[in-house]
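**Q** One-letter residues, chain by chain:
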Amino acid sequence: MNFRPFAWLIATAAAIAVSMPLVGCSPADQDEVNLYSARQENLIKPLLDDFTDQTGIPVNLVTGGADSLLQRLRHEGRNSPADLFITVDAARLHQASEAGVLQAVESDVLRENIPERYRDPDGQWFGLSSRARPILYHKDRVDPAELSTYEALTDAQWEGRICIRSSSNVYNQSLVAAMIATEGAEAAQDWAAGIVANMARQPQGGDRDQIRAVADGVCDVAIANTYYLGLMLDGEGRDREVAGQIGVFWPNQDGRGTHVNISGAGVTAHAPNRDNAIRLLEFLSSTEAQEWYAEVNQEYPIRDDVPASDILQSFGEFQSDDIELYRLGNHNAEAVRIMDRVRWR
Amino acid sequence: MTAQTTNPPATPANPAVRQRLPFSPWSAVAIVVALTLALPILVIFGHVFIPAGEVWTHLRETVLADYVVNSLALLIGVGIGVLVIGVPVAWLVSVCEFPGRSIFQWALMLPLAMPAYIIAYTYTGMLDFSGPVQSLIRELTGLGYGEYYFPEIRSLGGAMAMLTLVLYPYVYLLSRAAFLEQSVCVLEVSRTLGAGPFGGFRRVALPLARPAIIAGLTLALMEVLADYGTVAYFGVSTFTTGIFRTWYALGDPAAAAQLAAVLLTFVFVLIVLERWSRAKARFHHTSRRYSTLPRYQLRGWKATAAFLGCLFPVLLGFLLPALQLGLWTVQTTEQWMNPAFGRLVFNSFWLAIAAAVIAVVLALVLAYARRMEGGRFTAAAVRVAGMGYAVPGIVIAIGVMIPFAAFDNALDGFMRDTFGVSTGLLLSGTLFALLFAYAVRFLAVSLQTVEAGLGKIQPSMDDAARSLGMRPLQTLTRVHLPIMRGTLLTALLLVFVDVLKELPATLILRPFDFNTLAVRAFELASDERLAESSSAALAIVLVGLVPVILLSVTIGRSRPGQQGPTRAADEESPQKPLAMPAGTTNTP
Amino acid sequence: MTQPIETTLQVPHTPLIALDRVDIGYDGTAVVHQVSLALPKGQIGCLLGPSGCGKTTLLRAIAGFEPLMAGSIQLDGRSVSDARSTIPPEKRGVGMVFQDFALFPHLSVADNIGFGIRHWSRKDRDERIRSLLKLVGLPGYGESYPHALSGGQQQRIALARALAPRPKLLLLDEPFSSMDVELRSELAREVRRILRAENTTAILVTHDQNEAFAFADRIAVIHQGRVAQWDTAYNLYHRPADRFVADFVGEGTLIPGMVCAEHVVDTAFGQIEGTLSEQLPPGTAVDVLVRPDDIAIDNEAGTIRTEILDKAFRGADFLYTLRLPDGLSVLCMAPSHDNFVIGEHVRLRLDFTHLVVFSRGSGVDCPAS
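Line order of the protein sequences matches chains A, B and C. The first sequence begins at 288 in this note's numbering and counts up by one. The second sequence begins at 496 in this note's numbering and counts up by one. The third sequence begins at 74 in this note's numbering and counts up by one.
These aren't lab readings, by the way, just hints derived from the structure by calculation. Do not rely on the hints blindly, as some may be mistaken.
As the list claims (entries may be wrong) - The calculated label-pair distances, taken between Cβ atoms and stated as ranges, are:
| # | chain 1 | residue 1 | chain 2 | residue 2 | range |
| --- | --- | --- | --- | --- | --- |
| 1 | B | Val1048 | A | Lys332 | 39 to 45 Å |
| 2 | C | Pro161 | B | Val764 | 24 to 30 Å |
| 3 | C | Gly210 | B | Trp845 | 35 to 41 Å |
| 4 | A | Asp337 | B | Pro834 | 18 to 24 Å |
| 5 | C | Tyr99 | B | Phe763 | 40 to 46 Å |
| 6 | B | Thr636 | A | Ala484 | 54 to 60 Å |
| 7 | B | Val564 | A | Glu433 | 36 to 42 Å |
| 8 | A | Gln540 | B | Met621 | 37 to 43 Å |
| 9 | B | Thr636 | A | Arg428 | 19 to 25 Å |
Don't be surprised by glycine CBs; every beta carbon is placed ideally from N, CA and C.
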């Protein structure tokens, strides 16, 4: 009778239960900064390590979906350990500030580094990089002269030729939200219905999949974010070959401009390490960090004085839409409903 | 000559006499545990009562029908798929002998180690239009898009196939255990009554194993309902994706909770069906005679068919995707040849072990309490606590987050007001919260297994132990647990593998700087970097492999009479395989 | 046959086990009613009855598995169960042998036997296990596992396991029911020998009267949750308390009759004489119990002509079914060398010493079979 599994199980469970809270607690060490990031670990960790090297301030990181992190921030309330909240789209930044989990920050560095249109008027959040969502086309099968605006894609000539991802994706939601903001809900719904009618296939996969589908002849044009194409061009093997067949068309240049979104961050309302959070934010807007975004992530730097990567520059100059970014957040739910109504999957 | 004798005067009441309580300690503990575990689900349900009329109208007019149809179609498709694969292969490796059987009996479990979203990414990489398979077809034939037929992998049918491939092991696992545990007598009786081996399967073995098969099916279907990664990637709108979308994109937690409530009614129906099927067939084994199960020797085309029948699930559910992951892993050494990757493995491993131990201990408490006193309230509480399995991890995560944060903040507020000290967040953002979420999510797995194991122990065992001076807890530790050794290990391993694969709750509840393999694999894969994500995915598969193989060995030995050191002295045990009656040759 | 039985019925002042007006039931419905029994130390009692009569429930209540609705149970002078409280089984010192033996499959035979005495010193325990194995006739089986044993062997191990802690009282729940008939009576005698050797008080539950007769000193016939009679085997057979007992215990026929005088009843056999089991005034319509050994075939001295309807050879004797002139059938036992053929007419001699009579309509609850 040596087998005493129950005693063993209980002992293990007890040991775990006792030790867990200890493991989980962030160190009491005050000189640190805690980050809730919707940007994935491998897309931000190198920058954070640089920050720690330069300042000696350790950065603790939790990544996750922006919605979930926002939820966590809200429920943790004034005891939340988070100092800085990073998202990869403007709508969620606006939602966070509406939810009251961010605080206004006064920083000359930030004001100087970040153009006014890429930050919240109250200083609750700041853009850190931007990405455009233009029309991508197959260089052999599509003459760029046929392309003009997002709206023109709903014409009958594009029937069965468009690839675009699911309406669950926030970039599409923001695209429609921007359209609601500028053209009104009715026009936005007409547009969404027209796109659905012209789709080559039911939405599936991510932006890279749309680009590959264009290259493989499933469709002729796609709507996708620039950095995906940039990363594919910067990569190797088949993806690079695929991306080489794709051209970038900047739509609506004569009108409101091409849709642009940002990634950004805000200091949380109850940040225990507020000063460090501001320092980190300032670091992320520094030339050095902005260059990293440009080179490694193929995103457009937010600063005018930092050049985009060669790849992005090869896409050409463009006029971006100039709506206030917070309005993307305001119209997000409406955009989803519109896409639901036109059965955009 | 009277029928009754006079009685001696009663002695005063003995102090050792146990007073009867309204609840026994066991059921009291069980109810507390069950309600605690039900808390996240109740919290979500709490949102149901917040009016959400307008959004609900929108859902009903636009997408609700899709959610219902797709979820139902997935349930039916995957349900049929796992039965069609799981039961026959379980029977083949349990009672037939054919080339490769001894390998298949554990290899068939391998897909269990494969997370559904990983297999979905992998097959998409291989089979979608831009993938190597279709590219090859186009190169060979010169055809272009739309000029040849190829099934669309990212579709409802594709989702069914992916989920079937990784979920059939649940049915396989439980029905194999049931086939192995069947007394050889009932199978022999069926043969004397004129049933051939396949007749015996259909008319005796199958009905006897039905509770186990249904239990496996229920687990698989609950996983289907909770799946998010696969359907989201394939663009199939189900309740799970609908809950996400409604909660976040439409910004309406109440409507999302109401969708979750609808989802839970699906689950509830499943559970009721499972209970009902089990209640109608509560078998304790009637024969005490067991002996080595003689296997039917398969020959010729039957052996080939059996071999292929077992090979395909393993090939498609494990070998091919694992091979693909392995290729990608070799191409991306920078992703895993570093100490940080070792820490990921370590974190995942210990987290999964801790969660498995906790889930099994809780399941034991609940199941044993129910065995001891079958009070209706206890039973209901246990049922509710077991519903978490079908609830998407993210919903459970939110259900954990809300009450934990509320508790932390209330305690902190109290401490600040009374003592002027801040206690901060005690539970939120700790591994404790994460493990709690795992327990809620995976209790059903351990509970199902433990209950099935307990159910197979005749009640007279309990009585015998009690009459020999054992208290209930001693009876559990000295009689039930040793007898259920195999069952407990099964439960531990199932939860272990599940936690290893778990993603959404881990993502949102984990503490700072705490990463797991699943988180790493998901972050890269969702950024459409399949090759880079492959090393983490492969590590999940490999770490999950160890328990899967262990599990197989244990079940193989679980047949009563197969592990004892001595043989029946006065009973002859048939040693040589039975011949197939259909003219196949008999081998000793 | 005529020796006074009453003397052996005297119960020592403090019985080992005593049940006092016990009610047991579920959800407020009693399945066992007002049962009172007492058994002195060293004796073997038996609860006999058809299936579903509540005998197993009663046994489980004595073991402590079932709570009481009313009444009380005393074990060795100590109250162990009443309507408010129940000492759990593990604290009672009551051993039990189960119908399916319930040997622990994960333990060897020796570990099974040693299960209840694990707190003994190793030396004592090993000694006890060895002596019990010897007692049950299975020395050398200590290292075997239960699944390697035959049913009879498992039975003995289950008995040894229950006896190991020297329980004050041993309960046996239909322990022989899964045995074949020959093994059954052999085992019953064997178990009785073992219980005697251990001087154990025991209660057996069974539906088989032969088992009960072979095994028990006193037998309680249970009928619909009540004790119909608590008596010796002899008295159950010859002095059944009611029609149910008369019918359930032993073979026999009830034939109608009329009390003529204090010791005379008029029946189809004519007037029979004997001590009446019940004082009834002349003129009372009664049923008289006729056991197969109360009548004998005697073609010389017999007075009653009957026809042989059926016969069953039972080895030492024949059991004939005879038809009386007025059409009534009775059973009659005859030595096996008296081999008559069916249809043959024989004469009967009456051999009554006392008459068991039941006033007609007095025992309506007795189902005739």
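**Q** Confirm or reject each hint.
**A** So, going through the hints one by one against the coordinates:
no. : hint                                : verdict
1   : B:Val1048 with A:Lys332: 39 to 45 Å : holds, 41 Å
2   : C:Pro161 with B:Val764: 24 to 30 Å  : violated, 39 Å
3   : C:Gly210 with B:Trp845: 35 to 41 Å  : violated, 54 Å
4   : A:Asp337 with B:Pro834: 18 to 24 Å  : holds, 19 Å
5   : C:Tyr99 with B:Phe763: 40 to 46 Å   : violated, 29 Å
6   : B:Thr636 with A:Ala484: 54 to 60 Å  : violated, 31 Å
7   : B:Val564 with A:Glu433: 36 to 42 Å  : holds, 38 Å
8   : A:Gln540 with B:Met621: 37 to 43 Å  : holds, 40 Å
9   : B:Thr636 with A:Arg428: 19 to 25 Å  : holds, 20 Å
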